[in-house]
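A.B. asks: Residues per chain are reported as follows:
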Amino acid sequence: MLKNRMKQYTPVAILAAAILLIQLITLISGTGYLLTQLTMSAWYVLAAVGLCMVMGYAGQISMGQAGFFAIGGYTTAVLSTIDFTDRLSGGLPRLLDSMHMLITRETIYGDTMTYLTPWASLIAAILIAAAAALIVGIPVLKLKGHYLAMATMGFGIIINRVVLGTKAFGEADGITNVPPFKVLPFFEVSGDFNIRIGNYYFAWLIVIIAMVLLINLINSRSGRALKALHGSEEAADAMGVNTARTKVIIFMIGAVFAAAAGFFMTHYNGGIGPSESSVVKSVRYVSIVAVGGMANIWGTLMMGMVLNFLSLRGVFGHFDDAVFGIILVLIMMFMPDGFIRKAVFYDIRNFVNRKIIKRGDK
Amino acid sequence: MTFDQVLQYIFSGITVGSIYAFVAIGYNIIYNTTGIINFAQGEFVMLGGMIAYTFSGFMALLPSVIIAVLLTAAVGGVIENVFIRRMRRTSVLGMIVITVGLSILIREFSLYIWDEQIRALPFFTGSEISSVEIIGARISPQVLWVLAVTAVLTVALYIFLKFTLTGQAMRACSENPKAALLCGIRTDRMISLSFMVSAGIGALGGCVVSPLTQTHYAMGSDLAVKGFTVAILGGLGNPLSAVAAGLLLGLIESFSISVLPMAYKDVISILILLIILVAKPSGLFGSRAAAALKDY
Amino acid sequence: METYAPLMKIDKLDKYFGGLHAVSEVSFDVHPGTIKAVIGPNGAGKTTMFNMIAGFFPPTSGSVRFNDVMLTGMKPFNVAGQGLLRTFQNLKVCDNLSVLDNILLGHHTRSRSGFGAGMLSTRKSRIEERRAVEQVMPLLEWLSIVEMKDTLVGNLSFGEQRSVELARALAADPAMLLLDEPAAGLNMHETEELAGRISELKAQGRTILIVEHDMSLVMDISDEIVVLNFGKKIAEGSPAEIQNNEEVIRIYLGGSDA
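Residue numbers (full-length UniProt numbering), protein chains in the order written: chain A, 1 to 362; chain S, 1 to 296; chain H, 1 to 258.
Where hints are given, some of them may not hold.
As the list claims (entries may be wrong) - Cβ-Cβ distance ranges computed for the label pairs, FRET-style:
| # | chain 1 | residue 1 | chain 2 | residue 2 | range |
| --- | --- | --- | --- | --- | --- |
| 1 | S | P63 | A | R313 | 38 to 48 Å |
| 2 | H | S157 | S | L70 | 51 to 61 Å |
| 3 | H | T151 | A | Q8 | 16 to 26 Å |
| 4 | H | G116 | S | R189 | 49 to 59 Å |
| 5 | S | P261 | H | D173 | 52 to 62 Å |
As the list claims (entries may be wrong) - Reference listing, derived: stretches of chain A covered by chain S, where coverage requires no fewer than 3 residues with Cβ under 8 Å from a Cβ of chain S:
| # | segment |
| --- | --- |
| 6 | 59 to 72 |
| 7 | 151 to 159 |
| 8 | 271 to 285 |
Treat the hints as calculated values from the structure; they're not laboratory data.
Cβ coordinates follow ideal geometry from the N, Cα and C atoms, glycine included.
Chain A on its own, in the form it takes in the complex (with noise of 0.2 Å):
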């Protein structure tokens, strides 16, 4: 059991040990400004490893995850960019400040803002988006293949329309002055030139502890329960999983994991903007989990850290979101597994053993 546990976490330490590793290849070569898509490419991950989990593990397509991630920055971005400072006498300030949960700090034109700490929008942001997910998820998720596809696209959409055109989120501009979000007095996520580093490695830990939380989850009785409906949904229906509510519970994980990503990232770039909400980012996320092998997070993991890495470095030019769209294309028709599952290196293995043989009759 012991050794069981070993060996699951086992790519833990493997992602930890290259995380440590490319940032130590930046400082030797110099590419520190890399770490900067490198961290963002990590919050866009922790939003597809839990559409991974819906879809993937559980069977459940969503075409709105980014939705959830547009609920959680724009949480944040809203409440953390309330200046209370000419307001602290009234009611709401004071009861606020009482709880020390307002910040006051300075601002870049030298004035001092006062805004609630967000911590608590942190916890807003989550709360928000599970709410989302719970009153979307509970009539929506009874349906099945297109018709799901259609209502959580249609979910996406509508947050996309809000968003666009409500004054307070900043219509086609989105919000932008978000402050930093102060994890430790020493800390802070932000996009400061000076903790680059610092928060290449708080966004991978973060990652990390979402890992292990979900490889737990995976080889858990819930988890087992998830997989099950995947392969049958009537089975786990009559071998005792309540398949309504377990699908709205994934579909809830999903989201708030989003939902932090999307509240870290407004802090890290100090804020957020409508495209984040749009369908073609929804199917950005999904064809990083069918890339990835559908049910498998480190497939996820790999092919959202590597192919959003690229598409922030602006490596896909013009044809940034065709991309994704000639992947989804490609992946199905050739590779309905996804790209990184075992048969893969066992392909290349017996590639590369004929070639050798090959080469030895000769």
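With chain A fixed as given, assemble chains S and H onto it according to the hints.
C.D. replies: Same frame as chain A, now just chains S and H:
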């Protein structure tokens, strides 16, 4: 709201409703022969408008519309032949993913060719400012064009499905593909045809409404969801009732603008979709009852 | 047998599918520790009966009581929660899970830890999981599928998948086992093996309701038999009584005087 305003809302509702109907008809035709919901359906409308816009630069409007319809139909045929045909054995999830992927590809390809600008075909008759007076309301003659094309298409589709051999063969494929095959109907060809017809219909819709609602490379996904709303509203598998459902949704959307901010009009129609899917997904429940009967 | 209170009471169960009267007012009892079989020709309403008991669809009227709990109107997972575990005529195994995981799925109702405990891998959830494995392993041994415990179920033969389904239902330590045509698709050797296993289960004191097509299997193993035809109960009794029932003989031998 004055009577005049009410009429204006009605006519604009009918116009947008017609596009939704065009998309929904496309969904239905493909769904009927294959059981697939083609997420790229909205993209055909955009392609139709864009292609016709480009050709109208060199030639008269009518031939450029015809070329747009034919080319888009060809795109539909290619999609079926190259992608869908190989995917027969894939799961529903796989089908969704591939048509979503295709819709993104078409849209990005269009962005590359036609850039981000909003394009519009010239008015078929008259211009932006010309208007006809109907029971006191002044409306653009293009609205009449939209109505006429929708009506002609509906009748033509009805005749095609009901009375021509090809139309009957297409319906047979949906009823029972194996039996259709045994009767000598080439189901492969029917599926190709259904993709071409539905792409062509989408393109035609894209052309007639382009002068009024404009064409933009990213319009497809919204149309896909709203067209789907209409297809469900009218009962999936029934292309003709989709027309009525399309007009209904168009009217609801149009009148919602009078109460809510313009930006929320999409929210209204998608909420309607969610409510219908949840409250009366008749297709879904119907098939479950049928499956239970078979099991017995 | 009448001295025991029945474990399950089925009272005037009735089902219409549109105009089709699939099951009409069927009543019978199942007593603890016995094997009750429901037989009948194709289309007699056996599977419909079965699915109504297991909660897969609601009856038009009538009721099913189990241990004085009303099962009618319950969802399948609630029925399972009451200790009634079923198998499927057309196998419903989870192809994406290993043999052991499929069987552990059957153990679902015996453990408690939920999503939170699972994500945090709490001590309690791990102990529960270990106990679950310990409890189902004897089943794998009994069905001699231990060596394939880590194989994906999709790679097993049909007969082996049937065994997995049986083990899955038994993993719940069911108060009553519902077997839906367990011999369908099995060859003669496998059917004999199945008969042996069912007898062993009876010897352990399990209560079993079985819907079956295979007459000889049913005659061998059951204590009581209910015969359905066109949705109606036409006979009920011991195997010997049923074997000598003229109406049953007529139906099964396709009597021309009907």
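A.B. asks: Each hint: holds or not?
C.D. replies: Going through the hints against the structure:
no. : hint                        : verdict
1   : S:P63 x A:R313: 38 to 48 Å  : 45 Å, holds
2   : H:S157 x S:L70: 51 to 61 Å  : 53 Å, holds
3   : H:T151 x A:Q8: 16 to 26 Å   : 19 Å, holds
4   : H:G116 x S:R189: 49 to 59 Å : 55 Å, holds
5   : S:P261 x H:D173: 52 to 62 Å : 60 Å, holds
6   : 59 to 72                    : holds (count 3)
7   : 151 to 159                  : holds (count 6)
8   : 271 to 285                  : holds (count 3)
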